[in-house]
Amino acid sequence: MHFSLATSRTPLFYFDPNEETSVCFNPDSGDTHLLSTLAAVALSELGDETLSVADLTQILKSRFDAASAGEIETYAPTLMEELSNLGLVKIHE
Amino acid sequence: MRPYNENLAIGPYTYRIRTTLRNVAAGLQALYRDFPRADASAFVDFDIALRSHGILPWRKLSRFGFDGRDQFGPVPVHQAYASLEWGMNWCVSVHCNEYLKLHAAVVASDAGAIIMPGVPGAGKSTLCAALGLSGWRILSDEHALIPPGSRQVVPLCRPVSLKNESIDVIRSFSRDAVFGPPSLDTHKGTVQHMKGDLHPESHATDPVPVRALVFPRFSRDEPQRLRARPRTVSFVLAAYHSFNYSLLGEDGFHAMRHLVEAAPCFDLVYHDLEWAMGALERMPAGEALPQSAEMS
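If you read the protein sequences in the order shown, they are chains A and B.
Residue numbers for the first sequence, in our numbering: 1 to 93.
Residue numbers for the second sequence, in our numbering: 1 to 296.
It should be emphasised that the hints constitute simulated quantities derived from the structure, not laboratory data.
Remember, predicted model here, so these are calculated numbers, not experimental data.
Built from N, CA and C at the ideal position, the CB exists for glycine as well.
Careful, some of the hints might be misleading.
Cβ-Cβ distance ranges computed for the label pairs, FRET-style [to be verified]: (1) Pro-17/A <-> Ala-42/B: 27 to 37 Å; (2) Gly-121/B <-> Asp-31/A: 22 to 32 Å; (3) Asp-31/A <-> Pro-200/B: 36 to 46 Å; (4) Asn-97/B <-> Gly-47/A: 44 to 54 Å; (5) Arg-171/B <-> Ser-8/A: 24 to 34 Å; (6) His-95/B <-> Asp-28/A: 21 to 31 Å; (7) Ala-42/B <-> Asp-31/A: 49 to 59 Å; (8) Asp-65/A <-> Val-178/B: 51 to 61 Å; (9) Ala-67/A <-> His-95/B: 49 to 59 Å; (10) Asp-31/A <-> Arg-2/B: 34 to 44 Å; (11) Glu-82/A <-> Ala-42/B: 50 to 60 Å; (12) Glu-250/B <-> His-92/A: 23 to 33 Å; (13) Asp-31/A <-> Ala-40/B: 28 to 38 Å; (14) Glu-222/B <-> Met-1/A: 22 to 32 Å.
Computed from the model, here is a short list of chain A residues facing chain B with C-beta under 7 Å [what the hints assert, rightly or not]: (15) Met-1; (16) Phe-13; (17) Glu-19; (18) Ser-22; (19) Asn-26; (20) Asp-28; (21) Gly-30; (22) Val-41; (23) Tyr-75; (24) Ser-84; (25) Leu-86.
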């Protein structure tokens, strides 16, 4: 299973380094989402690319501390499905 | 009483207001007596007329007219003053998209402006009135006008709308409060407006730097507290309280981000006005409290 952005342009983000949530603006729908920072980083890493869960997991593991690695591995597929439900990510079977 | 017909300079806008209704004219004369008058030749942003409606003497009604057209359904004449103020709010709420507009009370001290977004009943107007009666400058009871790309708020001082128990709370708080006519049995209960231009600089129009976003909530049952809250969560809540965040699209997102990056955000839970005012006065300027910290 692979994933790409569902939006025509990269969403806009507001990150605060001290917080566990981030704000994401979908430029196509005009919707604003409060996401976990993990989800926001996953979206920002997708960019123009189509990535597999394994690729994304590797990228996220490199961006967060080692203690989170296990959680990222477990949670990444669910995370991408949730982002798909929000209309932010497209799933390629 | 003579009909009322004035061009009022209110913040960045000119309202032309006309009425022959006695109670409305009396309220305008009490609450707007110190507002600057705009030149007769000035561009009128909002042309408002409140007139009587219907011919049945036992069922007196009034209508709110905007630009020569009736805007809303008729209301009983004893609710006409509140309908005027609500209509004046409506003028700004549905127009004026040169600003990011939040539904918020805004007050200022020498340290800057505090924006207090909140749903009706959150206690923002009561707190705003008490602060105004205690030397703070009321910038608005209804709209925070944020020029996109700025960290400032544009003053739009008008009377403060008080409802039900809040009216007596403020009457008890200060004998200096000046009230307009009560509007009874409205969909919000009894509504009465308090004169809001109490500060020497009330009618200045220069934008004021934003010091903080404070989300007030009146609660009798909870411990009082002023607690830092996450900026990202505050961003989304402030967007919820905005009249035009969605309408502005990406510009709205950038404007809100610019504002929230600069302004520490707090939750304020209170039931005692003196305590709440003290907490706002002692609130640290600049950086927010750590999120685990609170003042109680």
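Okay, the hints, checked on the actual structure:
no.: 1; hint: Pro-17/A <-> Ala-42/B: 27 to 37 Å; result: 48 Å, violated
no.: 2; hint: Gly-121/B <-> Asp-31/A: 22 to 32 Å; result: 27 Å, holds
no.: 3; hint: Asp-31/A <-> Pro-200/B: 36 to 46 Å; result: 44 Å, holds
no.: 4; hint: Asn-97/B <-> Gly-47/A: 44 to 54 Å; result: 32 Å, violated
no.: 5; hint: Arg-171/B <-> Ser-8/A: 24 to 34 Å; result: 57 Å, violated
no.: 6; hint: His-95/B <-> Asp-28/A: 21 to 31 Å; result: 27 Å, holds
no.: 7; hint: Ala-42/B <-> Asp-31/A: 49 to 59 Å; result: 40 Å, violated
no.: 8; hint: Asp-65/A <-> Val-178/B: 51 to 61 Å; result: 59 Å, holds
no.: 9; hint: Ala-67/A <-> His-95/B: 49 to 59 Å; result: 52 Å, holds
no.: 10; hint: Asp-31/A <-> Arg-2/B: 34 to 44 Å; result: 52 Å, violated
no.: 11; hint: Glu-82/A <-> Ala-42/B: 50 to 60 Å; result: 54 Å, holds
no.: 12; hint: Glu-250/B <-> His-92/A: 23 to 33 Å; result: 27 Å, holds
no.: 13; hint: Asp-31/A <-> Ala-40/B: 28 to 38 Å; result: 46 Å, violated
no.: 14; hint: Glu-222/B <-> Met-1/A: 22 to 32 Å; result: 46 Å, violated
no.: 15; hint: Met-1; result: 29 Å, violated
no.: 16; hint: Phe-13; result: 9 Å, violated
no.: 17; hint: Glu-19; result: 5 Å, holds
no.: 18; hint: Ser-22; result: 6 Å, holds
no.: 19; hint: Asn-26; result: 10 Å, violated
no.: 20; hint: Asp-28; result: 11 Å, violated
no.: 21; hint: Gly-30; result: 6 Å, holds
no.: 22; hint: Val-41; result: 13 Å, violated
no.: 23; hint: Tyr-75; result: 20 Å, violated
no.: 24; hint: Ser-84; result: 21 Å, violated
no.: 25; hint: Leu-86; result: 14 Å, violated
Violation of the numbered hints given earlier is confined to hints 1, 4, 5, 7, 10, 13, 14, 15, 16, 19, 20, 22, 23, 24, 25; the remaining hints are satisfied by the structure.
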